[in-house]
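There are 2 protein chains.
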Amino acid sequence: TLAAPAIAQSMPEIRWRLTSGFPRSLDTIYGAADVMAKFVSEATDGKFQIQPFSAGEIVGTFQAVDAVGNGTVEMAHSSSYYYVGKDPTFAFASAAPFALNTRQQNAWMYYGGGLDLYNEFYKKFNIYMLPGGATGAQMGGWFRKEVKTVADLNGLKFRIAGLTGEILSKLGVVPQQIAGGDIYPSLERGTIDAAEWVGPYDDEKLGFQKVAPYYYYPGFWEGGAMVHFFFNRQKWEELPKNYKAIIQAAAGYANVDMVAKYDFKNPAALRRLVASGAQLRPFSQEILEAALKASSEVYADLSAKNPDFKKIYDSMASLRNDSYQWWQVAEYTFDNFMIRSRSKL
Amino acid sequence: TLAAPAIAQSMPEIRWRLTSGFPRSLDTIYGAADVMAKFVSEATDGKFQIQPFSAGEIVGTFQAVDAVGNGTVEMAHSSSYYYVGKDPTFAFASAAPFALNTRQQNAWMYYGGGLDLYNEFYKKFNIYMLPGGATGAQMGGWFRKEVKTVADLNGLKFRIAGLTGEILSKLGVVPQQIAGGDIYPSLERGTIDAAEWVGPYDDEKLGFQKVAPYYYYPGFWEGGAMVHFFFNRQKWEELPKNYKAIIQAAAGYANVDMVAKYDFKNPAALRRLVASGAQLRPFSQEILEAALKASSEVYADLSAKNPDFKKIYDSMASLRNDSYQWWQVAEYTFDNFMIRSRSKL
Numbered sequence: 001t002l003a004a005p006a007i008a009q010s011m012p013e014i015r016w017r018l019t020s021g022f023p024r025s026l027d028t029i030y031g032a033a034d035v036m037a038k039f040v041s042e043a044t045d046g047k048f049q050i051q052p053f054s055a056g057e058i059v060g061t062f063q064a065v066d067a068v069g070n071g072t073v074e075m076a077h078s079s080s081y082y083y084v085g086k087d088p089t090f091a092f093a094s095a096a097p098f099a100l101n102t103r104q105q106n107a108w109m110y111y112g113g114g115l116d117l118y119n120e121f122y123k124k125f126n127i128y129m130l131p132g133g134a135t136g137a138q139m140g141g142w143f144r145k146e147v148k149t150v151a152d153l154n155g156l157k158f159r160i161a162g163l164t165g166e167i168l169s170k171l172g173v174v175p176q177q178i179a180g181g182d183i184y185p186s187l188e189r190g191t192i193d194a195a196e197w198v199g200p201y202d203d204e205k206l207g208f209q210k211v212a213p214y215y216y217y218p219g220f221w222e223g224g225a226m227v228h229f230f231f232n233r234q235k236w237e238e239l240p241k242n243y244k245a246i247i248q249a250a251a252g253y254a255n256v257d258m259v260a261k262y263d264f265k266n267p268a269a270l271r272r273l274v275a276s277g278a279q280l281r282p283f284s285q286e287i288l289e290a291a292l293k294a295s296s297e298v299y300a301d302l303s304a305k306n307p308d309f310k311k312i313y314d315s316m317a318s319l320r321n322d323s324y325q326w327w328q329v330a331e332y333t334f335d336n337f338m339i340r341s342r343s344k345l
Numbered sequence: 001t002l003a004a005p006a007i008a009q010s011m012p013e014i015r016w017r018l019t020s021g022f023p024r025s026l027d028t029i030y031g032a033a034d035v036m037a038k039f040v041s042e043a044t045d046g047k048f049q050i051q052p053f054s055a056g057e058i059v060g061t062f063q064a065v066d067a068v069g070n071g072t073v074e075m076a077h078s079s080s081y082y083y084v085g086k087d088p089t090f091a092f093a094s095a096a097p098f099a100l101n102t103r104q105q106n107a108w109m110y111y112g113g114g115l116d117l118y119n120e121f122y123k124k125f126n127i128y129m130l131p132g133g134a135t136g137a138q139m140g141g142w143f144r145k146e147v148k149t150v151a152d153l154n155g156l157k158f159r160i161a162g163l164t165g166e167i168l169s170k171l172g173v174v175p176q177q178i179a180g181g182d183i184y185p186s187l188e189r190g191t192i193d194a195a196e197w198v199g200p201y202d203d204e205k206l207g208f209q210k211v212a213p214y215y216y217y218p219g220f221w222e223g224g225a226m227v228h229f230f231f232n233r234q235k236w237e238e239l240p241k242n243y244k245a246i247i248q249a250a251a252g253y254a255n256v257d258m259v260a261k262y263d264f265k266n267p268a269a270l271r272r273l274v275a276s277g278a279q280l281r282p283f284s285q286e287i288l289e290a291a292l293k294a295s296s297e298v299y300a301d302l303s304a305k306n307p308d309f310k311k312i313y314d315s316m317a318s319l320r321n322d323s324y325q326w327w328q329v330a331e332y333t334f335d336n337f338m339i340r341s342r343s344k345l
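Residue numbers (this note's numbering), protein chains in the order written: chain A, 1 to 345; chain B, 1 to 345.
Rather than coming from a laboratory, the hints here were simulated on the basis of the structure. Keep in mind that this is a model prediction, so the values were computed, not measured. Errors might be hidden in some of the hints.
[As the list claims (entries may be wrong)] If you anchor each label on the Cβ, the simulated ranges turn out as follows: (1) B:Lys170 with A:Glu57: 58 to 66 Å; (2) B:Glu237 with A:Glu289: 54 to 62 Å; (3) A:Gln49 with B:Arg340: 27 to 35 Å; (4) B:Glu237 with A:Gln49: 20 to 28 Å; (5) B:Lys170 with A:Val174: 54 to 62 Å.
[To be verified] Simulated crosslink set (DSS-like; lysine-lysine; CA at most 30 Å straight-line): (6) B:Lys210 with A:Lys244; (7) A:Lys344 with B:Lys235; (8) A:Lys344 with B:Lys244; (9) B:Lys305 with A:Lys38; (10) B:Lys265 with A:Lys311; (11) B:Lys148 with B:Lys311; (12) B:Lys38 with A:Lys123; (13) A:Lys157 with A:Lys210; (14) A:Lys265 with B:Lys244.
Note that the Cβ used here is the ideal one computed from N, Cα and C, for glycine as well.
Use the sequences and the hints to build the structure in full.
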């Protein structure tokens, strides 16, 4: 069935630049852009080249969406919630307090209308989005002292961004915006009391356990944090159909691949962190319940003011509220038994 | 950056036939072959065409691997554990009692060495494999009467296949091999006492709740049942590099897409099943613990006799045993709180 090479109708030479929202040092999350670029190059015999740049090489993390929208670069790999300063609606494409877990997020994006709703919303910013990976449920961060009650959060200077910072501020937290490289010295000096980053594999590189040993979980604001490929709309639309198909397939691969890589790397990193002094602590029921209540209030306020937010929040919440009955039956009871049986495996 | 079309070096015209291990009526699982075929066709401007055939149209489910190995068809979409009759080693690529959940299975395949180990093993059968979807944790099946103790399993005629049937027979179960379409009348007449199929969305189509209302969970033998694309090795190896990249990316997309589709469709199906008479029942601790013990004994026996089985089992078990400490920290506690808070969402 192998015939002679034919003349292609639609294999133009294209070179795109991709600005990542992440530093190369976060190899797992940054790596999804390399995965995408490699598949696109190989699938087109090198005719379509995407060159990834680390955050800051062309523009910074928080400028990536603007740079894509105005055509400075053709695409980005970043996370929608970095842009909540433009509109809080950006949040749910990534993660938000008490939203979806990783698989529910995919179900919402691919089948529950999430992706279509976002691509309608993103037209305002002249961008088009495809899911491009996820971290899995994140950790709640590193704390210099234990926090047991909501009262313990009062005045707590916590390095945490965006919508979650706003929600936790209702519980007395004082959100701090600090770049990744400055977190360690700020914790060491006590300029801040706590900081959240990602999960064991990424956190380990920064050594927080030496200066803020209490490692809280779960990161209830990032139950399944998704990252995204963003495309300039005109650049996306002018791609030939075959190139669009290649990008869509490669983005799907990058999505499943990033989660697998985190799920492979996090367990060993957690063991090393605990061995070097990290002390695992669950957030108390009191704190979780107060945070849930504060989240619901903030979501209601924003829904009343912002029709885009309401439409997307309602869609997410509908899938979430429908999903957990099923989730608790098969997935959760399987995991529950396996966790309890660990010593017998 | 759009230049004139160039002459492709490697876009041969190819037509392949794909035999599915599934009937078209299982649209979610069967559909992954359509997803694959559509991406490959679009990505190659129609030059590479894969035509999926339903189980039985070319060969039956249990002949698919042979048909691929001997070149009757170029590829299949099926599940490795259907072929445990050839060698029990086939099991873990799909699922086996107390093995991995869906995300752990991806972590093992893509990063933990699972895929490489299997492709080495599959050389004996002249096939090459790529992950091609998963169902998520399955249900434990439909029972005419409640089963509470291991004694209740004694003599139970249970429609369940392969390695799991062998393991459960150690607890007194009498495994039955019955094709999908014959399950309902067998349950209705009492020829069998119980049957497992997949999960709510697929089970609903067969109406089991009318004749065997006790719907048990979890399906501890399919914590994350994966399905696969199998390729004739020569056909795979002679593909040009660009076509291989397109297939790999499309298989990754199909993998994440099938899980998302199940996760979207199962919750509503479960609600409808419960509304129409299904009675949810968790397997008792006694049954789960006895099944775990029986599984460990069977795995030890097979490992002693079969070096391929031992190598792959050890690799799977190593990842599994390392993973649950991390899984219980962030993922499980997030889901736990969300499940308990369902009424407040």
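Hints, verified against the model:
no.: 1; hint: B:Lys170 with A:Glu57: 58 to 66 Å; result: 60 Å, holds
no.: 2; hint: B:Glu237 with A:Glu289: 54 to 62 Å; result: 58 Å, holds
no.: 3; hint: A:Gln49 with B:Arg340: 27 to 35 Å; result: 50 Å, violated
no.: 4; hint: B:Glu237 with A:Gln49: 20 to 28 Å; result: 26 Å, holds
no.: 5; hint: B:Lys170 with A:Val174: 54 to 62 Å; result: 59 Å, holds
no.: 6; hint: B:Lys210 with A:Lys244; result: 46 Å, violated
no.: 7; hint: A:Lys344 with B:Lys235; result: 44 Å, violated
no.: 8; hint: A:Lys344 with B:Lys244; result: 42 Å, violated
no.: 9; hint: B:Lys305 with A:Lys38; result: 42 Å, violated
no.: 10; hint: B:Lys265 with A:Lys311; result: 21 Å, holds
no.: 11; hint: B:Lys148 with B:Lys311; result: 35 Å, violated
no.: 12; hint: B:Lys38 with A:Lys123; result: 27 Å, holds
no.: 13; hint: A:Lys157 with A:Lys210; result: 18 Å, holds
no.: 14; hint: A:Lys265 with B:Lys244; result: 27 Å, holds
Hint violations for this structure: numbers 3, 6, 7, 8, 9, 11, all remaining hints satisfied.
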